[in-house]
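Since the structure of chain Y is already known, use the hints to place chain A on it.
As given, the protein sequences belong to chains Y and A, one line each in that order. Heads up: the first sequence begins at 70 in the working numbering, then just goes up one per residue. Heads up: the second sequence begins at 10 in the working numbering, then just goes up one per residue.
Simulated from the structure, these hints should not be mistaken for laboratory data. Predicted model, so just to flag it, every value in this text is computed and none were measured. Treat the hints loosely; a few may be bogus.
[Said to hold, decoys possible] If you anchor each label on the Cβ, the simulated ranges turn out as follows:
id: 1; chain 1: A; residue 1: I26; chain 2: Y; residue 2: I212; range: 41 to 47 Å
id: 2; chain 1: Y; residue 1: F94; chain 2: A; residue 2: I27; range: 21 to 27 Å
id: 3; chain 1: A; residue 1: L12; chain 2: Y; residue 2: L283; range: 42 to 48 Å
id: 4; chain 1: A; residue 1: I27; chain 2: Y; residue 2: L185; range: 25 to 31 Å
[As the list claims (entries may be wrong)] Below, in silico cross-link-like pairs of lysine-lysine (DSSO-like), each with a Cα-Cα straight-line distance of 27 Å or less:
id: 5; chain 1: Y; residue 1: K275; chain 2: Y; residue 2: K286
id: 6; chain 1: Y; residue 1: K164; chain 2: A; residue 2: K52
id: 7; chain 1: A; residue 1: K47; chain 2: Y; residue 2: K73
id: 8; chain 1: A; residue 1: K45; chain 2: Y; residue 2: K73
id: 9; chain 1: A; residue 1: K45; chain 2: A; residue 2: K59
Every residue, glycine too, gets a C-beta built ideally from N, C-alpha and C.
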Amino acid sequence: MFLKILLGLYIAVITVLAFVIPIGFIPGLGERARIIFLHVPSAWLSVVAFFVSMFYGIRYLRSRNIYDDVKSASSAEIGFLFCFVTTVTGAIWAKFNWGSFWNWDPRETSIFVLLLIYGAYFVLRSAIEVEERKGTLSAVYSIIAFVTVPFFIFIMPRIMPGLHPGSKGDPEGAGPVVTFKMDPNMRILFFASLVGFMLVYLWMFKLRSKSEILRIKIENKIYQEG
Amino acid sequence: MGLYEFLEKNSIYLVLIIALIVWLSVFGYLLRVDIKLKRIEEKLTRLENKGSEKR
Chain Y
70 MFLKILLGLY IAVITVLAFV IPIGFIPGLG ERARIIFLHV PSAWLSVVAF
120 FVSMFYGIRY LRSRNIYDDV KSASSAEIGF LFCFVTTVTG AIWAKFNWGS
170 FWNWDPRETS IFVLLLIYGA YFVLRSAIEV EERKGTLSAV YSIIAFVTVP
220 FFIFIMPRIM PGLHPGSKGD PEGAGPVVTF KMDPNMRILF FASLVGFMLV
270 YLWMFKLRSK SEILRIKIEN KIYQEG
Chain A
10 MGLYEFLEKN SIYLVLIIAL IVWLSVFGYL LRVDIKLKRI EEKLTRLENK
60 GSEKR
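Chain Y on its own, in the form it takes in the complex (with noise of 0.2 Å):
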């Protein structure tokens, strides 16, 4: 319990430093790159959990274990939150620095595209009631789910010419997190900020399936005593 407590008070130090320290001269950015705390982090934290979801998947193929499923269907629930979280803070960032909340550049297309494809996995196993068919299937698709992960998190939107920092075109050459050419203060908390993300995550994915876990473990239970 006090590791948790410590966490929540890590990641509260994180965010009030992530308004309140210099991060230097950002050409076409300007204070508005603060949001790299915040948005960077969760984009890379879909893509682990959702790497942590194929990892489950394939894993659930080869032993037929059901908690290795669950685990698999936790890991996309919580990186499709992440990238749900990424999605709206880009948009209310895109409404400040290109005018509009939407405007469909490569970046948000392809984050689009992606929030529909693990949307489509949640729709197939609400749509099957058998749990070991439920298992096979989305263990299949959560695998060919994320090969289609790094080429819309990390190839379409840089050979794409686009408004969002890194595409292909940037006046800058890259954004500032694709090549790393950071304010020192600001890249020791944007990698603070990512390791809290990172615990957070493992502590959500835990909870999420541990009740997940508890629920089979309790109806098993009613199912043997009635």
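This is chain A only, laid out in the frame that chain Y set:
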């Protein structure tokens, strides 16, 4: 200068307050879920132990 005036001129601090409230709410919710899950887990373990003793 009052707090309202200060926040009006330095709106970044208003965003900071909102971000902090959002994080603390999420954190409180996660902590609450964690405590509840621990209690359920303990109850379930106790029930399982009782069941195995009966047998």
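Tested hints:
1. I26/A - I212/Y: 41 to 47 Å: holds (43 Å)
2. F94/Y - I27/A: 21 to 27 Å: holds (26 Å)
3. L12/A - L283/Y: 42 to 48 Å: Since L12/A and L283/Y have Cβ atoms about 45 Å apart, the given range 42 to 48 Å holds.
4. I27/A - L185/Y: 25 to 31 Å: holds (29 Å)
5. K275/Y - K286/Y: holds (16 Å)
6. K164/Y - K52/A: violated (50 Å)
7. K47/A - K73/Y: OK: K47/A and K73/Y at ~14 Å, within 27 Å.
8. K45/A - K73/Y: The given pair, whose Cα atoms are some 15 Å apart, holds under the 27 Å limit.
9. K45/A - K59/A: Judged against 27 Å, a Cα distance of about 21 Å means the pair holds.
Going through the hint list in order, the structure does not satisfy hint 6, though it satisfies all others.
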